[in-house]
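A.B. asks: Given the coordinates of chain G, assemble chain F onto it according to the supplied hints.
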Amino acid sequence: MSNKSQCDKHAFQQSRRKVLKGLAAGVGALALPAPNASASAWEAFFQKNFRELDRDELKQVLARLESEYSKEYGKDVTVKATLPIEGVKYGYGLDLSRCIGCRRCVYACVGENNQSREPQIHWIRVLQLNKEKGVALEYAEHYYNPEEVPVEGHFYMPVQCQQCENPPCTKVCPVQATWQENDGIVVVDYNWCIGCRYCMAACPYGARHFNWTKGKLPKEEMNPETHYLGNRPRPTGVVEKCTFCIQRTREQPGRYPACEEICPVGARKFGNLLDPKGEMRYLIENKRVFILKEDLNTQPKFFYFYAT
Amino acid sequence: MKNIWNFFKGTLVLTARGSTAYYCWVAGLIVLMVIGALTYLVQLNDGLIITNMRDQVSWGFYISNFTFLVGVAAAAVLLVIPAYVYNWKPIKEIALLGELLAVSAIVMCLLFVTVDIGRPDRFWHLIPFVGILNFPQSLLAWDVAVLNTYLVLNLTIAVYYLYNLYYRREPNKKFMTPLLLFSIPAAISIHTVTAFLYNGLGARPFWNASILAPRFLASAFCSGPAFMILVFLMIRRYTRFQIKDEAIQKIAELIAYAMFINLFLLGAEIFKEYYTGTIHLAPMQYLLQGLHGHSALVPWIWTAMLFNFSAFMIFLVPDTRRNNTTLVLGCVLIFIGVYIEKGMGLVIPGFVPDVLHEIYEYVPTGMEMALAIGIWATGLFVFTMLLRVAIPIMNGDFHVADDGVGFHIGDNMFFLRRADRDRLVADSDEEPATKSGKNV
Chain G
542 MSNKSQCDKH AFQQSRRKVL KGLAAGVGAL ALPAPNASAS AWEAFFQKNF
592 RELDRDELKQ VLARLESEYS KEYGKDVTVK ATLPIEGVKY GYGLDLSRCI
642 GCRRCVYACV GENNQSREPQ IHWIRVLQLN KEKGVALEYA EHYYNPEEVP
692 VEGHFYMPVQ CQQCENPPCT KVCPVQATWQ ENDGIVVVDY NWCIGCRYCM
742 AACPYGARHF NWTKGKLPKE EMNPETHYLG NRPRPTGVVE KCTFCIQRTR
792 EQPGRYPACE EICPVGARKF GNLLDPKGEM RYLIENKRVF ILKEDLNTQP
842 KFFYFYAT
Chain F
312 MKNIWNFFKG TLVLTARGST AYYCWVAGLI VLMVIGALTY LVQLNDGLII
362 TNMRDQVSWG FYISNFTFLV GVAAAAVLLV IPAYVYNWKP IKEIALLGEL
412 LAVSAIVMCL LFVTVDIGRP DRFWHLIPFV GILNFPQSLL AWDVAVLNTY
462 LVLNLTIAVY YLYNLYYRRE PNKKFMTPLL LFSIPAAISI HTVTAFLYNG
512 LGARPFWNAS ILAPRFLASA FCSGPAFMIL VFLMIRRYTR FQIKDEAIQK
562 IAELIAYAMF INLFLLGAEI FKEYYTGTIH LAPMQYLLQG LHGHSALVPW
612 IWTAMLFNFS AFMIFLVPDT RRNNTTLVLG CVLIFIGVYI EKGMGLVIPG
662 FVPDVLHEIY EYVPTGMEMA LAIGIWATGL FVFTMLLRVA IPIMNGDFHV
712 ADDGVGFHIG DNMFFLRRAD RDRLVADSDE EPATKSGKNV
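In order, the protein sequences belong to chains G and F. The numbers in my numbering rise by one with no breaks, and the one at position 186 of the first sequence is 727. The numbers in my numbering rise by one with no breaks, and the one at position 149 of the second sequence is 460.
Extracted from the complex, chain F is given alone in its bound form:
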């Protein structure tokens, strides 16, 4: 117990230290979080009327973000599989960072659902035995179950691993490996269940297609890993943590496959709707062409298509994949492309035209966006804090002091300009003691 407390104290001190860039970043996130929280207070007071959601389009920007982020969370599995199923060392060293991203993404998911519900004060109705969780009938109940399981699972793995590294102990494989292996089906389940949540509604032909769950998974394996590559490149550049090229290249290659499947499934869907041309084509038309003069989503979805396809080409061609500039470009394009396609591009056409064929064109309000940005900032804040602790631990810069009680912090800056980082890395190479954590 005392050890845990000391570890926790150490992490608090650690997260409070950093370079000016780190402080600015964190302060910026906190400002956005406060703005988001204040917006939420307004929403609690006035109701969801402050959004542009109405009876016709009863889910909007919040649930779109939620859906996209479930995909980001599921993506950690793309690192876990090569690392632990195929025992591939370069990715094994960084798979943990993917799990930290999953934790942050799930936190955002839960926040997005919370701000979307009309009566957050009644959240306890969802707790089994205290309230009534309609399991197994409601897919939303399933989603509550799998999302929370996945959160706890990833948090357990990450905290257990880092805690042991901190105390310079070998993590117990008998405990870790089953959990890691279990995280693979768990990741697939969160995305499948979220897809089924839409999929199971006969009232909404746009979602009522069995291709939805595979499409969800394929796009998830693009967006999450693309974000991870960006994070890896940042970490490699601005902190003392080293990440091998081959690891990043392997992930980029996997993204290319996933994007191919994603584009193929999308094509299959578009073919089916357009060739049969039943009245169920209407939502697809609204999305891709506009319907009866309503075309809010059209420029967005074509941007997404263009981005996804360009990124696919970038990741497919080895030369552009290996070039850092095009690699970064590809990752950014994929992240934005999938965000549009799997967010608003998936949720809104389910409601437009609505079940009685009324067209209500939904565009989120400024308040909705402010709240959403606040939640994104919260997720990034959580992710930053997790990385702030994890990276020094994995570097061997943060561990228990020699007296076995206090803590040793070898990295007071965390986030540095490249030149300073190179100098620090060169310095630390001369001191073998600081490298100790790395080979665990």
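This is chain G alone, in the form it adopts within the complex:
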């Protein structure tokens, strides 16, 4: 029982034995930790919702996760829980006139945020759209794979979590495992989510992704700088989503999200919506801006615009 996955496996084996002895024991008990499971498995089982942890409890949780991940991935993993910065509300801008559809953002995101490589989970989906049809999702090509982008007569529209100001996904969660933080980022507590996937049905942007199985994340590719609500490795059976790289953007001095940083054509903009002199405010006030599915009143903080 040297690491979490083995420990989980052990728990399953134990319970399987129990069940084969007598199926009548009740299927509900199956996934519980085995009686002789390590203390940390039980601590994880009884862990409170992130927002109900007091300072000491939070410290313990972070320490437990750090040691688990460090063992599993064979390197020093830090798990922070950096709080939102006062007076900041993050906004994102995406210049449709520049995006070439190269998908570098998709893979930079995967690398930064420790998504599963097998099966692949992508927080960003780039759509290839027809210039004649405009922003009409029903004509979108999701799995375009040409020799070279951009393809003549097409433009590209990356879609990721729109960090709605009025998020339909958090409202429906039956256990408050997902919520909007004060800086506007919608987060998931991976240790509280029960995996019912109601939020996925509620999201109009396909921004939420489920861990259908234990995702594979190679040790050498694992990014050890993590945030509890962001890019720490995810367990099986929970929902995950884009957090505007919470582990980067909340630091002081902060860093840009990985997708913004990698973009070779500068189509991506990121900044504080509350800063009147900031870049985001400038482009909202001066460019042709639109938000996706405006009629649903989700009030995205992700703005598509045309700079040229």
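Just to be clear, a hint being listed does not mean it is correct.
One-sided excerpt, in silico: chain G residues whose CB lies under 10 Å from chain F [what the hints assert, rightly or not]: (1) I662; (2) L668; (3) K672; (4) C734; (5) M741; (6) P745; (7) A748.
Don't read these hints as lab results, they were simulated from the structure. Note that the coordinates shown come from a computational prediction; the quantities given were computed from them, not determined experimentally. Think of the CB as a built atom: it goes at the ideal place given N, C-alpha and C, for glycine as much as any other residue.
C.D. replies: The following block gives chain F in isolation, referenced to the frame of chain G:
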């Protein structure tokens, strides 16, 4: 306390006895339950990847079954209303059996939800005050609340009634009647809340139609009672329990009305989508015609339409309604028709095309089906056991012994061939003692 224990002991002995047919049926169900449980173990180990659900279609076969079964559970109310609101005796004698069906259906519902969630070990997060139940914001929290209330309510009514009959006491009306009356809005609430669960999502235009909850109710009043009629006919034929023709006929008539409303509401929905022809038509097209060459649901939904319409005609025409063969046919058609329409036909088009208009065609895997069959077997097992106890009690074949401690079992077979049953019924008519329970 001692009485309860003796009663419980009696039911254990009773359920362990029966004809060969009964044993075969129960053994068959147990085999399917074991297969289902083993499949669930695989799913717990590997994750929901063993299903064909993916991010595009994030709910599938499990939740489709769940949705349909909520309707079956709500249907008990169709027996309770004529029995207790209109005090109509022929149905009053059998309304309890409808409640037992509701209990079994809710058990299946809860199992289907349990196997669908990714982290069943965290179920306690849903318990108020221990975890965090997001009430009243999340409709899923509402569903947890009303489903459990409805389960407890029906179980209380049924157990209390049967327990008193067993001890040859008159059930206290002051306790029973309010509960029975409360079960009417409770039944409507479980179905309304389940409809609202889908209805309240702006992201899914296929569900985001206010007609959804009325449609749910109308179809529920078809599928559940149709199943009840089949059960009544079986009980009447193979056990010593008598059920009046007029009761069955009345239920069939109510089904005809409900089916009419169901078909009408469906027509209203189809008109609105096709005539306006916005991009929100796509899921409806996927369901009825196929979309961009994807048409997995099309043969199914048309089968359902054909079945529902034929059944409606059968139940509408008095002659076919009164004929046992066509009545059975109608019930089977309705049950299958509504199962398709209110199951996969309702859930899957909500996800196809998905919110970014990708089409992922979902077909359940063998594992998903095996697990679902296991849950159906569990529900049928629960229902069989409940009937095994309830029918002899209501017949007067199972009651407390004359010493007031032990139990008397007058029905060791339960499930018989018709000829044997007729002989037994004839025999028992000569012994007035065995009829005692009937007039309570």
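A.B. asks: Now look at each hint and say whether the structure bears it out.
C.D. replies: Taking the hints in turn, this is what the structure says about them:
no. : hint : verdict
1   : I662 : 8 Å, holds
2   : L668 : 7 Å, holds
3   : K672 : 17 Å, violated
4   : C734 : 7 Å, holds
5   : M741 : 4 Å, holds
6   : P745 : 4 Å, holds
7   : A748 : 9 Å, holds
Of the numbered hints given earlier, the model fails hint 3 alone.
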